[in-house]
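Heads up: the sequence lines are chains A and B, in that order.
First residue of the first sequence? That's 1 in our numbering, and the numbers climb one at a time after it.
First residue of the second sequence? That's 1001 in our numbering, and the numbers climb one at a time after it.
Heads up, a few of these hints could be off.
[Said to hold, decoys possible] Chain A is nowhere near these chain B residues, computed Cβ spacing over 12 Å in every case: (1) 1026; (2) 1055; (3) 1060; (4) 1081; (5) 1092; (6) 1098.
[What the hints assert, rightly or not] Stretches of chain A that chain B covers, calculated by requiring three or more beta carbons in the stretch to come under 8 Å of a beta carbon on chain B: (7) 20-32; (8) 71-78; (9) 103-114.
If you're looking for bench data, these hints aren't it; they were derived computationally from the structure.
Ideal placement from N, C-alpha and C gives every residue a C-beta, glycine not left out.
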Amino acid sequence: GAGVSQSPSNKVTEKGKDVELRCDPISGHTALYWYRQSLGQGLEFLIYFQGNSAPDKSGLPSDRFSAERTGGSVSTLTIQRTQQEDSAVYLCASSPGREGSEAFFGQGTRLTVV
Amino acid sequence: ELKVEQNPLFLSMQEGKNYTIYCNYSTTSDRLYWYRQDPGKSLESLFVLLSNGAVKQEGRLMASLDTKARLSTLHITAAVHDLSATYFCAVNTMEYGNKLVFGAGTILRVKS
Chain A
1 GAGVSQSPSN
11 KVTEKGKDVE
21 LRCDPISGHT
31 ALYWYRQSLG
41 QGLEFLIYFQ
51 GNSAPDKSGL
61 PSDRFSAERT
71 GGSVSTLTIQ
81 RTQQEDSAVY
91 LCASSPGREG
101 SEAFFGQGTR
111 LTVV
Chain B
1001 ELKVEQNPLF
1011 LSMQEGKNYT
1021 IYCNYSTTSD
1031 RLYWYRQDPG
1041 KSLESLFVLL
1051 SNGAVKQEGR
1061 LMASLDTKAR
1071 LSTLHITAAV
1081 HDLSATYFCA
1091 VNTMEYGNKL
1101 VFGAGTILRV
1111 KS
């Protein structure tokens, strides 16, 4: 596709359930980011993948959060045993990974934990 | 740790007025990015600044970069209501693995 694609666009889940959020980056982009944005707040960095390097997981808020990037392309963010405070918009972005290249954002997944 | 600070965090201005948003960052970098976010939407890239003294303009917005001062500015000229949005700056550097680090964002409201 032409841009970064995220699915689902909206997800409502019950507290305690696991959820998986998917990100399809722009073809050929080696860098992929996950951010979280709570209502009216800024961007909270979660995780960063760059090529074959070990991902930077320093932003993951707890061990309930994990992410994978298969084949250097699609990424899945998994939240286990969801809590109400996990409710937010989860944004994915990708970039070519070259020095000075900007990141392009998907439309986000709005997660609501009830 | 790479830190990026924006100010002001909230800006309310009248149509037709000029104002500047500031973005300071904590380490050497010559790569700075400005994004716009409309309510309920994702982030849209506005400007990419890649060298000291770089200046880019699009309509009523002009961005500049001073790498020695570790400062970028986003200048708004003769604001119009359509510019109401949240503006983020972001920086990356190889020192921190090329990871994009964002400022907290500036909420701009232009009053008719």
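Against the structure, the hints:
1. Listed as a non-interface residue, residue 1026 of chain B keeps its Cβ farther than 12 Å from every Cβ of chain A; the least gap is roughly 15 Å.
2. Residue 1055 of chain B, annotated as away from the interface, keeps every beta carbon of chain A farther than 12 Å; the closest lies near 16 Å.
3. The claim that residue 1060 of chain B is not at the interface with chain A holds, since no C-beta of that chain comes within 12 Å of its own (minimum 21 Å).
4. For residue 1081 of chain B, the non-interface assignment is confirmed: its Cβ lies about 20 Å from the closest Cβ of chain A, beyond the 12 Å cut-off.
5. A cut-off of 12 Å between C-beta atoms contradicts the statement that residue 1092 of chain B is not in contact with chain A; the least separation is 9 Å.
6. For residue 1098 of chain B, the shortest C-beta to C-beta distance to chain A comes to about 6 Å, within the 12 Å cut-off, and the non-interface label is violated.
7. Closer than 8 Å: that is the beta-carbon criterion, and the segment 20-32 of chain A has 1 residues meeting it against chain B, so the requirement of 3 is violated.
8. A stretch counts as covered by a chain when three or more of its residues have a beta carbon under 8 Å from one of that chain; for the segment 71-78 of chain A and chain B the count is 0, and the coverage is violated.
9. For the segment 103-114 of chain A, the stated coverage by chain B holds: 6 residues have a C-beta nearer than 8 Å to a C-beta of that chain, and at least 3 were required.
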